[in-house]
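Using the sequences and the hints, build the whole thing.
Chains as they are written, first to last, in the numbering used here: chain A, 69 to 318; chain B, 32 to 363.
This list has only true hints and no planted wrong ones.
Here are the computed lysine to aspartate or glutamate pairs in the EDC-like style, where the Cα-Cα straight-line distance is at most 20 Å:
hint	chain 1	residue 1	chain 2	residue 2
1	A	Lys134	B	Glu150
2	B	Lys34	B	Asp332
3	A	Lys134	B	Glu153
4	A	Lys116	B	Asp40
5	B	Lys231	A	Asp103
6	A	Lys134	B	Glu155
7	A	Lys134	A	Asp185
8	A	Lys134	B	Glu146
9	B	Lys231	A	Asp105
10	A	Lys116	B	Asp63
11	A	Lys116	A	Asp92
Honestly, the hints are just simulated from the structure, not real lab data.
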Amino acid sequence: MSGEGEAVVAAVEAVAERIESERDHLTDLDSAIGDADHGGNMARGWAKAVDAARDIEDPDPETVAKTVGKTLMSEVGGASGPLFGGSLVFAGAELADGVTPETVVAFAETYLAKVEDRGDARLGDGTMVDALTPAVHTFKKSIEVDDLDPLSALAKAVDAAERGVAFTVPIRARKGRASYLGWRSVGHQDPGATSTLFILEEVLEVAADRLDGEVPETDATSPTIPDDAEVEDVEADGAGSDGPAPEGSE
Amino acid sequence: MKKLINDPDDVVDEMLDGMTTAHPDRLRRLPDTQVLVREDAPVDGKVAIVTGGGSGHEPTHAGYIGDGMLDGAAAGGVFSSPTADEFEELIAACDGGEGVLCVIKNYEGDVMNFETAIELAEMEGATVESVVVDDDVAVEDSLYTSGRRGVCGTILVHKAAGAKAATGADLSEVKRVAEKTVDNVATMGMALTSCVTPEKGEPTFDLGDDEIELGIGIHGEPGTERTDVMSADDVTAELTESVLADLDIDAGQEVVTIVNGMGGTPQMELFVVNRKLQELLGDHELAVHDAWVGDYMTSLDMAGVSITVCAVDDELKELFDATADTPALGVQ
Numbered sequence: 069m070s071g072e073g074e075a076v077v078a079a080v081e082a083v084a085e086r087i088e089s090e091r092d093h094l095t096d097l098d099s100a101i102g103d104a105d106h107g108g109n110m111a112r113g114w115a116k117a118v119d120a121a122r123d124i125e126d127p128d129p130e131t132v133a134k135t136v137g138k139t140l141m142s143e144v145g146g147a148s149g150p151l152f153g154g155s156l157v158f159a160g161a162e163l164a165d166g167v168t169p170e171t172v173v174a175f176a177e178t179y180l181a182k183v184e185d186r187g188d189a190r191l192g193d194g195t196m197v198d199a200l201t202p203a204v205h206t207f208k209k210s211i212e213v214d215d216l217d218p219l220s221a222l223a224k225a226v227d228a229a230e231r232g233v234a235f236t237v238p239i240r241a242r243k244g245r246a247s248y249l250g251w252r253s254v255g256h257q258d259p260g261a262t263s264t265l266f267i268l269e270e271v272l273e274v275a276a277d278r279l280d281g282e283v284p285e286t287d288a289t290s291p292t293i294p295d296d297a298e299v300e301d302v303e304a305d306g307a308g309s310d311g312p313a314p315e316g317s318e
Numbered sequence: 032m033k034k035l036i037n038d039p040d041d042v043v044d045e046m047l048d049g050m051t052t053a054h055p056d057r058l059r060r061l062p063d064t065q066v067l068v069r070e071d072a073p074v075d076g077k078v079a080i081v082t083g084g085g086s087g088h089e090p091t092h093a094g095y096i097g098d099g100m101l102d103g104a105a106a107g108g109v110f111s112s113p114t115a116d117e118f119e120e121l122i123a124a125c126d127g128g129e130g131v132l133c134v135i136k137n138y139e140g141d142v143m144n145f146e147t148a149i150e151l152a153e154m155e156g157a158t159v160e161s162v163v164v165d166d167d168v169a170v171e172d173s174l175y176t177s178g179r180r181g182v183c184g185t186i187l188v189h190k191a192a193g194a195k196a197a198t199g200a201d202l203s204e205v206k207r208v209a210e211k212t213v214d215n216v217a218t219m220g221m222a223l224t225s226c227v228t229p230e231k232g233e234p235t236f237d238l239g240d241d242e243i244e245l246g247i248g249i250h251g252e253p254g255t256e257r258t259d260v261m262s263a264d265d266v267t268a269e270l271t272e273s274v275l276a277d278l279d280i281d282a283g284q285e286v287v288t289i290v291n292g293m294g295g296t297p298q299m300e301l302f303v304v305n306r307k308l309q310e311l312l313g314d315h316e317l318a319v320h321d322a323w324v325g326d327y328m329t330s331l332d333m334a335g336v337s338i339t340v341c342a343v344d345d346e347l348k349e350l351f352d353a354t355a356d357t358p359a360l361g362v363q
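Here is the structure:
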């Protein structure tokens, strides 16, 4: 149990480091469609979350997730605090019995549901939900239908999230700050979806490290996320071959 | 731009300490938070009314803490929402066992943080309800929100809910009168000048010397129209007609009105506006039960005004007339 808790702390550390290194990138994405504070707010929040996670004596996954969630909630502020942090507090309860493929599926589904509810956002609204939904559906299907090992399932989920992030570029944002731009939001990559992808990528790295596995190659068909978020550079290929299969996924 | 501040980062903290030292018998600050509550919170046997939002709108929100209105309020940074954990502490500190009603102005950050806090409080066993105020008729989907914005009509929601709670009514009854107020109130504002935030130190938006902005938001968000300077009577007519068109009320209806200063407007001008407002209401054959004039929900140092009209029945009249004893509003 404690080994699992430490693994979750390690993931938090990796995420914080990644967010800090992507801080300017996230700020640039946000300045195009919002108020240019996503990078700074997230970096500050995750740095505090690392401190809080390290302070936990004999950490277990549920406590770490809830502590990190609470810290993000209070430190990130704005809408991102409740979305990234609040959702983690609620989803963290699903890890009460430790980290198994089954509990992680439940965790992921609860997290997605909370983000959808809180932001009143659905797939295709041009928000972090567009990165989360394909990731969560792909992970669930990989575990429950395809019977893949956890690492392969997570790798497929990250790949799906990457395509979800790319999907936010050519569509009009319907929710969140970008939606206020109306049609001008077309052509911009969503910062919240982007930071969601960074978080998932780091979780995959730490999981691979802990499970002594290589990060599996997925048969990637992803369009590349453009550096400059120009709509012309994106293939309008939102629905990839690894998309969620409706049959048998419940 | 000159400001009477020390460090922009300390403004809210220092303001809150200044408020509690001005009203030590009424207000108490929860340690390590930006939450102010009644000195005697939680009040046993009474539904608690709580609210909160960005700072810079004083006397909103903490100015309305006291008998007959709010039990507590969370203050965010200037024009930014309090965080969910602050709302959570607010709810916990005010809950006297009869449930808590959260009054939320319709801004994305406020709504999301309050909703998160409510869900967490409910997990701890609290009974919490909420109402979202969206009285600004000017625009839909502006800088900080989807749907209409919550502005000065919120004060009447505080008043109605607080007065109802003071009678010992249960949470569902208190929520009902709060929603009734939301359903019957409409507001529209305008700006002569931009506000200047402590952080930025310069005007939030550019407005020419000979221009005004109609439909302005309380954070300086864009309104409906930028026009040449108009006379007080013309501005009042513009705002009043927009508000009345939204309310769609019949002749003979009784109303309560608020002429609200945005922070940098002389009282003289507010009364000039009120004079015209009452004349226009007479033209519409509306009966004015009560007319409030003053700074109720400001936007830092913005010069400008908002007009609020609330259609009232006997129940709302009784609640608005009920005694209240708060730093910013007293009704005897």
